[in-house]
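J.: These protein sequence lines map, in sequence, to chains A and B. Note that the numbering used here has the first sequence beginning at 1, numbered continuously upward. Note that the numbering used here has the second sequence beginning at 845, numbered continuously upward.
FYI, nobody ran anything at the bench for these hints, they're computed from the structure. Even glycine gets a Cβ: it sits at the ideal position worked out from N, Cα and C. Worth double-checking, as some hints may not be accurate.
Reference listing, derived: stretches of chain B covered by chain A, where coverage requires no fewer than 3 residues with Cβ under 8 Å from a Cβ of chain A [said to hold, decoys possible]:
hint: 1; segment: 856–868
hint: 2; segment: 936–948
hint: 3; segment: 972–984
hint: 4; segment: 1003–1012
Each pair of labels, with its calculated beta carbon distance range [stated by the list, open to error]:
hint: 5; chain 1: B; residue 1: Arg930; chain 2: A; residue 2: Pro437; range: 36 to 44 Å
hint: 6; chain 1: B; residue 1: Trp1001; chain 2: A; residue 2: Arg727; range: 28 to 36 Å
hint: 7; chain 1: B; residue 1: Arg925; chain 2: A; residue 2: Leu18; range: 32 to 40 Å
hint: 8; chain 1: B; residue 1: Ala994; chain 2: A; residue 2: Arg354; range: 33 to 41 Å
hint: 9; chain 1: A; residue 1: Gly609; chain 2: B; residue 2: Ala994; range: 53 to 61 Å
hint: 10; chain 1: B; residue 1: Ala910; chain 2: A; residue 2: Ser134; range: 41 to 49 Å
hint: 11; chain 1: A; residue 1: Arg666; chain 2: B; residue 2: Arg930; range: 49 to 57 Å
hint: 12; chain 1: A; residue 1: Glu782; chain 2: B; residue 2: Phe1009; range: 36 to 44 Å
hint: 13; chain 1: A; residue 1: Leu171; chain 2: B; residue 2: Arg930; range: 40 to 48 Å
Which residues of chain A face chain B? A few of them, derived with a C-beta cut under 7 Å, are [to be verified]:
hint: 14; residue: Val57
hint: 15; residue: Ala123
hint: 16; residue: Met124
hint: 17; residue: Arg131
hint: 18; residue: Glu634
hint: 19; residue: Pro681
hint: 20; residue: Asn701
hint: 21; residue: Glu706
hint: 22; residue: Arg714
hint: 23; residue: Val841
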Amino acid sequence: MSPSRLRHPLLVLAGALLVLPLAMRAIGMTDGVATEIAIFCLVGLGFNLLLGYTGLVSFGHSAFFGLAAYAAALLQIHRLPGHVLLPIVFGTAFAAGLGLVIGFLALRRRGVYFSLLTLAFAAMIFSIVFRWTSFTGGENGLRGMTRPSLLGVPVESQLSFYYVTAAVVFLAAWALWRVVHSPLGRVLLAIRDNERRARFLGYPVQRYKLIAFALSAAATGLGGSLFAFLKVFVSADLVHVAFSGEILAMSIVGGMGHFLGPPLGGAFFILFREILSEYTAAWQFWFGLLFMGFILFSPSGLIGVGGRLLGPLRRGGEEAAAMAARVTPEPGQEVPEFFRGAPVVPGALLECRRVSKRFGDFTAVAEVDLTLADRRLHALIGPNGAGKTTLFNVISGMYPPDGGQLLLAGRRLDGLPPERVVGQALARSFQITNLFPSLTVFENLRLGIQARHPRRFDLWRPFTSLAAVHEETQALVRFLGLEGVEGAPVASLSYGGQRLLELGLALAARPRVLLLDEPLAGLAAAERERITALVRRLSEHMAVLVVEHDIDRVFAFADRITVMNEGRVVVDGPVAEVRDHPKVHEVYLGHGRDILFADAARASSAGAGAAVLRVSGIDTFYGKSHILHEVSLELRAGEVVGLLGRNGAGKSSTLKSVMGLAPPARGRIEFAGRDIGGRPPEEIARLGIGFVPQGRRLFPNLTVAENLELSRLRRRGSDGVRWEPERIFEFFPRIRERLASRAETLSGGEQQMVAIARALSGTLRLLLLDEPFEGLAPAVSEAIFVSIDRLRREVPILIVEHDLDLVLALADRVYVLDRGRITHEGPAAPLRADRELRRQVLWV
Amino acid sequence: MPLFVILEHMANGLLVGSYYVVLALGLSLIFSLGGVVNLAHGAFYALGAYLAWEVQRRLGFFGALALSPLGVAAIGVVIERLCLRRLYREDPGLALLFTFGLAMAAEQSLRLVWGATGLPFGIPEALRGQIFLGDFIYSRYRLAVLAVSAVAVLGCWLLLNKTSFGLVVRAGTRDPEMVRALGIALSPVLTAIFALGVGLAGLAGVMSAPLAGVQPAMGTEILTAAFVIVVIGGLGSFWGVVYAGLLVGVVRGLTVLFYPPAAEASMYALMVLVLLVRPRGLMGERFERFE
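Let's have the full structure, built from the sequences with the hints guiding it.
T.: Structure below.
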């Protein structure tokens, strides 16, 4: 964003400040009003450093404004009569100090709690100032201030005070401009966009927020001190909480996305007040309405409105964005300079020793030993719920381990927060793209590289002066193949481009150990090739640990593989060893054990009837990620159909598409003769589709009886089977005993039964089951299996399950999904009996 | 200081706390289900008092007590459906800012319609006088406030725990998507809860009118008290808000006795303490979307 010379915001501001008194006189306003406008411009700029640039909503700025005014006034009245400059400096410093204290406390919380804390502080300070009348004069205020001269200029007249104030305001604006364009200022933008990712780039985010808070308080305080001298009077009104709200309103109405937005808002506010109050006492009413209007229709404020009006005159940005969406990045051959040349670390570079992590009762990772050698490409695979991502999260510092140790080149890593872990040269990418959406591609990467630079806290010099950072960023852009689109905003990149950038952000930290979480997820074949090649090249210079579900590729590119299941390591070794290891086959392909109890029920199954559900060629997206490609399947009355496939294949997404929770972008879904694709989930449920989601999702705060009652409320259709409570208890006798217990106290098996029973309540014509056996002990699985088996005669069932033995024993027919496409369709019996066939269809 | 004076002030604090509870309960409901930080809650409280003033001139106090909260709820329905609904899917900050603008406009509109000075609102005839309980003297009106508040709180509890509407609300605070997957549309429920929440605020306003007067700034003054209570009691907890409301009333009653200037400030200090040490309050639950 490089505005032409003439449109440079500071010049615009200077020009406006110069002519303001003339303009005011022309519309019949006083010079005092002009001064107030100038002061409010400053207050707006200071406030916006927090709101627009860092993303923090503070209700506490009335305290900084008013207390700075009081500090200045009290200093002049009691100690330095006749001085103007020193009291102003004192007021500003006081506000900055107060900002550090309040900021330190309030920033311990985030989001709404942070805002409420600032509100509480502001209210507390106001009530103290209001009541401590002996010191502050309360409502009546303090008199006795004088205003002889400032900066050598006599300022008793309003006009001369205006020009001195305007000069001070301009200098402060210039300083704030420098801050916003400094390395520190750029980090504030990153924090606003994605605070968590900023931490994972290595920035100590709290420190940055505190600095921004203190600066903002100082600017507001400067405005307050000037205001005290404008009115030559201070009273408790200056500290009133409502004023905080007015500052917020001004900034939003003006437009918090632009440097000059809040000053414009401040001017607008004052003029609005002055002009309208001549006609009506209710000007605040109209301003409030206006404010609400902006929130609803144009949250980017007046500047946003202006931008849209002038929009057709500015084409350039759109073209760059469109191009970015079409370009497929071609990663370069040469790994950038700054990755090369590090000495090889012998032995284990990263070591996990008996690492464990629990969440409440659930053990996600249990005593995992993992060793990663330098210059190796090590893959971590395993079925759903194996604990791979949790392990990554523990290693990268998102949570501390509950047991065990983490060592990087011999140094302890466990317990360090993410920013410190990155400082030890361990970086990670995320499974779901986690970028800074409003910034350009170049800026995303540059921020990653800047995080290592000694001048990353610099708030004065322009960020463009960090030449080394710029060069390294260029090299990284070239390496990733993103040349030509580095100026485009991230949101306009294609999905493949975004995934590449995601990887690039992790690289920017110049890691010695790189953790990649499903780098190939959702990508087309050609893109997978490219990223695989890139990762292989990287592993020649650093240690790389990859979690991936694309097992074919993993076996092709990895040096070493660790297989996890249910939180533990199953096998760890070279590719050849793992590929044919019987235990690994068991984990992925099942034991081939006979499910004896199923046979009796199977024999009496009458065979399939008419099609109940028909899915035709659906494509489903999560944001930009293309999850399902032209998926078609059919479910007929009287049958159980299984959806098989590895993790990330799209099985759950298919169920969600049918249920309306992830509506398809293309294709048709027909149920009982009706087209339900894209309808809201409540409508689909009412047609008689019952959904038992992964993880059961009972309402933990409700009892079992209440959970069941909830689903009876709506499904009262005439077709389909009506499930009365008695019938449900017959199927699941255990539930009757637990009716009055809160759902969160139930065991896993009991919860699963209740979840299925809940789906049955009311009228049911189709049952969707997503991983019903997940996390259950074998005996409990048997009970659930028997129940589902009995249900097959009552209602058609579509089941997603990764335990192949169980699902192949239940299902009549199966579909296999791989990377979002159906790759196999047929009866379940052959797959059940023939393990070799299973391996062909489902393994590598 | 004789003990019974202290006890009397505590008891008085409890009585005053009771209508705070009604107010805070409404705020908490809107918080928990709608996910909206309703900064305009005080405005609805004030509106309740003003509407009551109008109604009681024609239909007496009891008419006002019945009709004014309904009027406020009706206005709440309109605002929710026209405006708030668009903001649910956005950043919770935007809804917060919207309600803030609403509060601003609402306070001013009260000034416009009814003037900037307060309106006289006496205690209704039927409820004047004192009741003697042993050594303690209580104003009849305050006891009536306690009674009405108790009924309102009980009514809410029954609604939330014994009706299917309440069932949907309680489920919706934890997993709105799953509620929809069970065939229940949430938007009418959200509208109803918002209307109920602001209706409770209006009711609190009616009850407070004879005690604290009716003037345009009454909304902003009580708003921070309401937030203090909800924060201390904890988001999502019914009884937490009740206890916290009574606690705040008692604390206020005592500080007014011992050191009046610190009465308000002590409340805000308490809020800061709770937010810093235990943001989910006494009995609340974790709401990640607010952090």
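J.: Next, verify each hint and record whether it holds.
T.: Against the structure, the hints come out as follows:
no.	hint	result
1	856–868	violated (count 0)
2	936–948	holds (count 11)
3	972–984	violated (count 0)
4	1003–1012	holds (count 3)
5	Arg930/B x Pro437/A: 36 to 44 Å	21 Å, violated
6	Trp1001/B x Arg727/A: 28 to 36 Å	33 Å, holds
7	Arg925/B x Leu18/A: 32 to 40 Å	49 Å, violated
8	Ala994/B x Arg354/A: 33 to 41 Å	57 Å, violated
9	Gly609/A x Ala994/B: 53 to 61 Å	59 Å, holds
10	Ala910/B x Ser134/A: 41 to 49 Å	47 Å, holds
11	Arg666/A x Arg930/B: 49 to 57 Å	28 Å, violated
12	Glu782/A x Phe1009/B: 36 to 44 Å	40 Å, holds
13	Leu171/A x Arg930/B: 40 to 48 Å	42 Å, holds
14	Val57	6 Å, holds
15	Ala123	5 Å, holds
16	Met124	4 Å, holds
17	Arg131	4 Å, holds
18	Glu634	22 Å, violated
19	Pro681	4 Å, holds
20	Asn701	6 Å, holds
21	Glu706	6 Å, holds
22	Arg714	3 Å, holds
23	Val841	31 Å, violated
Violated hints, in rising order: 1, 3, 5, 7, 8, 11, 18, 23; the structure is consistent with all others.
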